[in-house]
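**Q** Put the complex together from the two separate chains, hints included.
Listed in order, the protein sequences are those of chains A and B. No gaps in the numbering here: position 73 of the first sequence is 73 in the working numbering, and each next residue is one more. No gaps in the numbering here: position 110 of the second sequence is 504 in the working numbering, and each next residue is one more.
Where hints are given, some of them may not hold.
Listed next, the in silico DSBU-like pairs over lysine-lysine satisfying Cα-Cα at most 35 Å (straight line) [said to hold, decoys possible]: (1) K185/A x K497/B; (2) K39/A x K2/A; (3) K420/B x K19/A; (4) K414/B x K491/B; (5) K19/A x K185/A; (6) K19/A x K491/B; (7) K491/B x K420/B; (8) K19/A x K497/B; (9) K19/A x K414/B; (10) K322/A x K414/B; (11) K185/A x K491/B.
To give an idea of the chain A side of the interface with chain B (calculated C-beta under 10 Å), a few residues [to be verified]: (12) F128; (13) F145; (14) D154; (15) E155; (16) L189; (17) E190; (18) M193; (19) R196; (20) D261; (21) E393.
Label pairs and their computed distance ranges (CB to CB) [what the hints assert, rightly or not]: (22) R321/A x A566/B: 53 to 59 Å; (23) L434/B x E155/A: 35 to 41 Å; (24) P498/B x E223/A: 32 to 38 Å; (25) E496/B x E190/A: 27 to 33 Å; (26) D46/A x L456/B: 54 to 60 Å; (27) T186/A x Q421/B: 25 to 31 Å.
Just so you know, these hints were derived from the structure itself, not from any lab. Note that the Cβ used here is the ideal one computed from N, Cα and C, for glycine as well.
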Amino acid sequence: MKDYAGIALTTPVSFGYAKQSPHGAAWFIGSTLRQLLAKSGLGPDDIDGLAVSSFSLGADSAITLTQHFQLSPRWIEQLPYGGASGILALRRAARAIQAGDAGIIACIGGDGATHRAFESIAANFSNFTIDSSFPYGAGGPNAAFAMITQRYMDEFGARLEDFGAISVAQRYNANHYPAALLSHKTLSLEQYMAARPIASPLHLLDCVMPCAGGEGFLMMSEERARSLGLDWCRILAADELHNAHRDDDIQLRGGWTEYADGLWNRAGLGPTEIDMLQTYDDYPVISMLQMEDLGFCAKGEAPGWVAGTDLRFDGSGPQARKLPHNTSGGQLSVGQAGAAAGYLGVVESLRQLTGSAGGNQVERARHAMVSGFGMINYDRGLCSAAAILARSER
Amino acid sequence: MSTTPTMRSRLKLNRPSLRKLARPPKQRTALGAAFTAANLPVALALQHCRDCGSVQYPPRELCRQCLGDSLVWRSTPGSGRMLSRVELHHSLWEYFKRRLQEKPWPVASVRLDCGVIVFAHLALETFAGAANPSLAADTPVQVFTHTDCSLNAVLIAVAAGTPIESRGERRAIAAGLGLLEPAIKPEGI
Numbered sequence: 001m002k003d004y005a006g007i008a009l010t011t012p013v014s015f016g017y018a019k020q021s022p023h024g025a026a027w028f029i030g031s032t033l034r035q036l037l038a039k040s041g042l043g044p045d046d047i048d049g050l051a052v053s054s055f056s057l058g059a060d061s062a063i064t065l066t067q068h069f070q071l072s073p074r075w076i077e078q079l080p081y082g083g084a085s086g087i088l089a090l091r092r093a094a095r096a097i098q099a100g101d102a103g104i105i106a107c108i109g110g111d112g113a114t115h116r117a118f119e120s121i122a123a124n125f126s127n128f129t130i131d132s133s134f135p136y137g138a139g140g141p142n143a144a145f146a147m148i149t150q151r152y153m154d155e156f157g158a159r160l161e162d163f164g165a166i167s168v169a170q171r172y173n174a175n176h177y178p179a180a181l182l183s184h185k186t187l188s189l190e191q192y193m194a195a196r197p198i199a200s201p202l203h204l205l206d207c208v209m210p211c212a213g214g215e216g217f218l219m220m221s222e223e224r225a226r227s228l229g230l231d232w233c234r235i236l237a238a239d240e241l242h243n244a245h246r247d248d249d250i251q252l253r254g255g256w257t258e259y260a261d262g263l264w265n266r267a268g269l270g271p272t273e274i275d276m277l278q279t280y281d282d283y284p285v286i287s288m289l290q291m292e293d294l295g296f297c298a299k300g301e302a303p304g305w306v307a308g309t310d311l312r313f314d315g316s317g318p319q320a321r322k323l324p325h326n327t328s329g330g331q332l333s334v335g336q337a338g339a340a341a342g343y344l345g346v347v348e349s350l351r352q353l354t355g356s357a358g359g360n361q362v363e364r365a366r367h368a369m370v371s372g373f374g375m376i377n378y379d380r381g382l383c384s385a386a387a388i389l390a391r392s393e394r
Numbered sequence: 395m396s397t398t399p400t401m402r403s404r405l406k407l408n409r410p411s412l413r414k415l416a417r418p419p420k421q422r423t424a425l426g427a428a429f430t431a432a433n434l435p436v437a438l439a440l441q442h443c444r445d446c447g448s449v450q451y452p453p454r455e456l457c458r459q460c461l462g463d464s465l466v467w468r469s470t471p472g473s474g475r476m477l478s479r480v481e482l483h484h485s486l487w488e489y490f491k492r493r494l495q496e497k498p499w500p501v502a503s504v505r506l507d508c509g510v511i512v513f514a515h516l517a518l519e520t521f522a523g524a525a526n527p528s529l530a531a532d533t534p535v536q537v538f539t540h541t542d543c544s545l546n547a548v549l550i551a552v553a554a555g556t557p558i559e560s561r562g563e564r565r566a567i568a569a570g571l572g573l574l575e576p577a578i579k580p581e582g583i
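Just chain B, with the same shape it has in the complex (with noise of 0.2 Å):
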C-alpha cells in the first residue's frame, strides 16, 4: 500500500493556519464575559460574596463558600505567593503557536493573599535577574488584569513590588508580553 495519499491527506488536514492575524482565545462563557467588564475600570475585580466576604475565582455563580446568591464584582488587592509555574513550548492555539516560535510562555499559578489560586500570563522580565529567574515556590507576586486583543480581560503575574499602579505602567507590561497585538504571519491572508 503506497503511503503517499495518506501523507498528503494528512498534511492537508494538519496544515498550519493560513491566517494573517492570530489572537488569543476569545470564547468565554457569561461569567467569564462579566469578568472582563469588571476589570475594565480596575487593576484587578474579583467577585466576593456580601454574605461570607470570600473571594472567587474562577468565576462562579454562586458563592463556593456557602452557596450564597449575593456575589459583586470588587476591586481586590492583587498581592499573593507563586505556587508553581510553567514554560510552555506547545499549544494547540494557533496565537500561541507564533509567540512559542520565538520563545517560551510562561504561565504562574498564584495563591492571591484573598484565598483564590489563579492561573496568570508570567512578565519574567519584572522578576530579579530575569535572564533565569530563581522563582521557586512562595516567591511573592502581583496580579493585575489586562484586556487583550481578543477584547478579554486576562490575568497577569509579576514580581511583588513592580510599579502597576497606573493604567500606563500595566500596560506597558502586557504589551511586553505581546498581548496587545494579535500574532502576525506576514504571508497570511
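The shape of chain A in the complex, shown without the other chains (with noise of 0.2 Å):
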C-alpha cells in the first residue's frame, strides 16, 4: 500500500454539542465548516474538495449542502459509514490529495438530534433493520451489543465491573474537556453497577446518548499547511475491512485482526509506543475488541489488560501501564452525535497531537492510533478501520 507522506490532518473542530436541537444536520455541518474557515483563515473558494457524513440529512446529501454552503468542490465524497465515517473520509481525501484531485479537503460529520429522531432513524436504519431486528424491541443497536456483550461475557469470564473500567476512566477524561455532555457529571464504579438496565447485561452507562453535533478537520498538503501557519500531523498509517469474519456465529473479532501487522509494520511501531489510544466506544465491549485485534493484549484478555492499564489522558491512575484512552470522554461521556461520532476520534487525536486540546492535554503525545467501527445493519457491525496518527513539527 502506498503511503501517506506529504499529507497533512489539521484544524480540528467539535461544534455545537446538544442533547436536543431544534436545527437540522446542515445547520450542524454548516457551521462545523464555518469554525474549520475561521480557525484556519481560509475562505470558502480556497475548499475545494467536501467529504460529508450524516445520518439527519433527509433528503439532502453531500451535493446538495453545495448549495446551501455556496461551496465549488472539484471533489466530493458522502460517507454513509457511520462509525468509521471518519478515518475512511480520511483515507479518500489523502488520496484525492496525492493524487491532485484536490487541494484542500473539510471532512465533516453532523448530525442534528430533533425530537425522536433517534427512533425514526433506529426504525429505518436498513432494509435487514427494518424486517428482522427492530420488529424485535429493540432501540436501534442495544439487542444487537447485549447479545455480544453477553458472549463475551460468557466466553471469557468478563464481568461487568471489566466494561465499568473503561467507561470510568473516559467520563475522568471527559471531566476535563468541557464540551462531553456529560463532563460536568463524575462517575464512581459504584455509580456505574448501579446505572439502571437497559438491556441486559448492558447498562444505562453502557450505552451511548444519541445528540446533537458536529466534528471536522482540514486536509492538505503538508507544503500548503506549512504556508498557512498550521499546526498538523501526519498519517502513518491507515486500513479499513469491511463485513470481515461474515461467518462467525457472533462478533467477538472485527475486521482489525486481518490487517493490524501491516499497520503496524507500514507505521513502524508497536503498541508499546503508541501514546494515546482513541476507539469506538458505543459500547464498552466494542472497546475491548478494538484493544484486542489491534494488538494492545490478545484476544478474550482485554478485561484483565483494562484492570492493569491507567487509561486516565493524564497518567493520574494507579496503575503502572499508562496509556491514555478516548482522551475526550468518548462518545460514552461526550455523547454519540450520529456520524459526527465517527470523525470524535480524529478530531480528537488531531487536538492533542497538535497540542490544542485544553484541559484535557495528553503530556508529550506523539503517537495517536485511531479506530473505527460502524454500522449494525443486523447481528453485526460492518465496518473496521484504523489509523496511526504522528505529530508533525512545523
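**A** Pasting the structure below:
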C-alpha cells in the first residue's frame, strides 16, 4: 500500500454538542465548516474538496449541501459509514490530495437531534433492520450489542466491572473536556454498577447518548499547511476492512485482526509506542474488541489488560502501564452525535497531537491510534477502520 | 434564565403516547411482507436458493452465496442453537414500552441448523427452570413464526422439544408472549 507521505491533517473542530436541537444536520455541518474556515483563515473558495457524513440529512446529500453553503468543490464524497466515517474520509481525502484531484478538503460529520429523530433513524436504518431486528423491540443497536456483550462475558469470563473500568476512566477524561455533554458529572464504579438496566447485560452507562453535534478537520499537503501557518499531524498508516469474519456466529472480533500487523509495520511502531488510543466506544465491549484485535492484548484478555492499564489522559491512575484512552471522554461521555461520532476520535487525536486540547491535553503525545467501527446492519457491525497518526513539527 | 418554559416544552414534546392501543412495529420492506405471506401456511418458511440450496435470512433479493436469482420460499425446519440472548428493559416503540412495564422482554439470537442467524422473541417459560432458566450459548432451541397483532410474521424461539407441531400449540405460545393482543392503556384514546 502506498504511504500517506506529504499529507497534513489539520484544524480540528468539534461543534455544538446538544442533547436535543431544533436545528437540522445542515446547520451542524455548515457551522462546523464555518469554524474550520475561521480557524484556518481560509475562505469558502479555498475549499475544493468536501467529504460529509450524516444520518439525518433527510432528502439532502453532500451535493445538495454545496448549494446550501455555496461551495464549488471539484472533489466530493459522502460517507455513510457510521463510526468508521472519519477514518474512511481521511483515507479517501489523503489519496485525492496525493493524486492532485483536490488541494484542500473539508471532512465533516454532523447530525441533528430533533425530537424523536433517533427513533426514526433506528426504525429505518436498513432493510435488514426493518424486517429482522427492529420488530423485536430493541432501540437501535442495543440488542445486538447486548448479545455480543453477553457472549463475550460467557466466553471470556468478563464481568460488568471490567466494562465499567473503561466508562469510569473515560468520564474522568470528560470531566476535563468541557464540551462533553456529561462533563459536569463525575462517575464512580459504584454509580456505574447501579445504573438502570437497558438491555441486560447492558445498562444505561454502557449505552451512548444520541445527541446533536459536528466534528470536522481539514486535509491538505504539508507545504500548504506550513504556508498557512497551521499545526498538523501526519498519517503513518491507515486501513479498513468491511464485513470481515462474516461466518462467525457472533461478533467477538472485527476486521482489524486482518490488517493490524500491516498497520504496525507500515507505521514502524508497536503498541507500546502509542501515546494515546481512541477507540470507537458506542458500547464498552466494542472498545475491548478493538484493543484485542489491534494488538494491545490477546483475544479475551482485554478485561485484565484494562484493569492493569491507566486509561486516564493524565496518567493519574494507580496502574503502572499508561495508555490514555478516549481522551475527551469518548462517545460514552461526550455523546454520540450520529455520524460525527465517527470523526470524534480523529478530531480528538488531532487536537492532542497539535497540542491544542486544553484541559485534557496529554503530555508529550507523539503517536495516536484511532479506530473506527460502524453500521450495525443486523447482528454485527460491518465497518472496521484504523489509523496511526503522528505529531509533526512545523 | 428560568428553566420553567424549557421544562414545560420538553415535557410536552416527550409526552407519553395517548393511544389506547399500541401494536408491534408494522413497517416492513416488500421482502418482509413476502416473509409474512410465505409463513402464513407453515411453522417456518425461509428463502432457499434453487441453484445452490443455501438458506437466506434476513429476507434477500438474491442468494447470499451465489448471487443467484432463484430464491423460493420453502418450509424449513426450525431447529437450531442459541448464540446469545438479551432481556430488553427499554424500547423506543410504544408497544414494547408498555409490555416492559410488566417484565423485561427477552430476545434470542439463534443459529438455525440450516445455517442462518435469526433474532426471535424468546418464550422463556418453555425452558426448564422457567423462573431462572440457564440459557447458555449452544442451548438447543426451535424457532417458528406466528403472525403478531400488526399482521406481520415474527419469529419465536422455544426450548427444543417443546410441542409446536399444531397451529394451536404455536398460537398458545405466541399468545403467552402477548404478541396477539395490542398493549392497552385503558385511559387512552
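**Q** Taking the hints in turn, state whether each one holds.
**A** Right, here's what the structure says about each hint:
1. K185/A x K497/B: holds (30 Å)
2. K39/A x K2/A: holds (31 Å)
3. K420/B x K19/A: holds (29 Å)
4. K414/B x K491/B: holds (13 Å)
5. K19/A x K185/A: holds (15 Å)
6. K19/A x K491/B: holds (22 Å)
7. K491/B x K420/B: Holds, at roughly 16 Å.
8. K19/A x K497/B: holds (29 Å)
9. K19/A x K414/B: holds (30 Å)
10. K322/A x K414/B: Status violated; Cα separation ~56 Å.
11. K185/A x K491/B: Measuring from Cα to Cα gives roughly 28 Å; hence the hint holds.
12. F128: Holds - the Cβ of F128/A comes within 10 Å of chain B, reaching about 4 Å at its closest.
13. F145: With a minimum Cβ separation of about 9 Å from chain B (threshold 10 Å), the hint on F145/A holds.
14. D154: holds (6 Å)
15. E155: Nearest chain B Cβ about 8 Å off; hint holds.
16. L189: violated (21 Å)
17. E190: Given a least distance of 20 Å, the restraint on E190/A is violated.
18. M193: This hint is violated: M193/A lies away from chain B, its Cβ roughly 15 Å from the closest one there, beyond 10 Å.
19. R196: holds (7 Å)
20. D261: violated (29 Å)
21. E393: Hint violated; E393/A Cβ to chain B Cβ min 46 Å, cut 10 Å.
22. R321/A x A566/B: 53 to 59 Å: Since the Cβ atoms of R321/A and A566/B sit about 56 Å apart, the hinted range of 53 to 59 Å holds.
23. L434/B x E155/A: 35 to 41 Å: holds (38 Å)
24. P498/B x E223/A: 32 to 38 Å: violated (59 Å)
25. E496/B x E190/A: 27 to 33 Å: holds (29 Å)
26. D46/A x L456/B: 54 to 60 Å: violated (45 Å)
27. T186/A x Q421/B: 25 to 31 Å: Cβ of T186/A to Cβ of Q421/B: about 41 Å, so the range 25 to 31 Å is violated.
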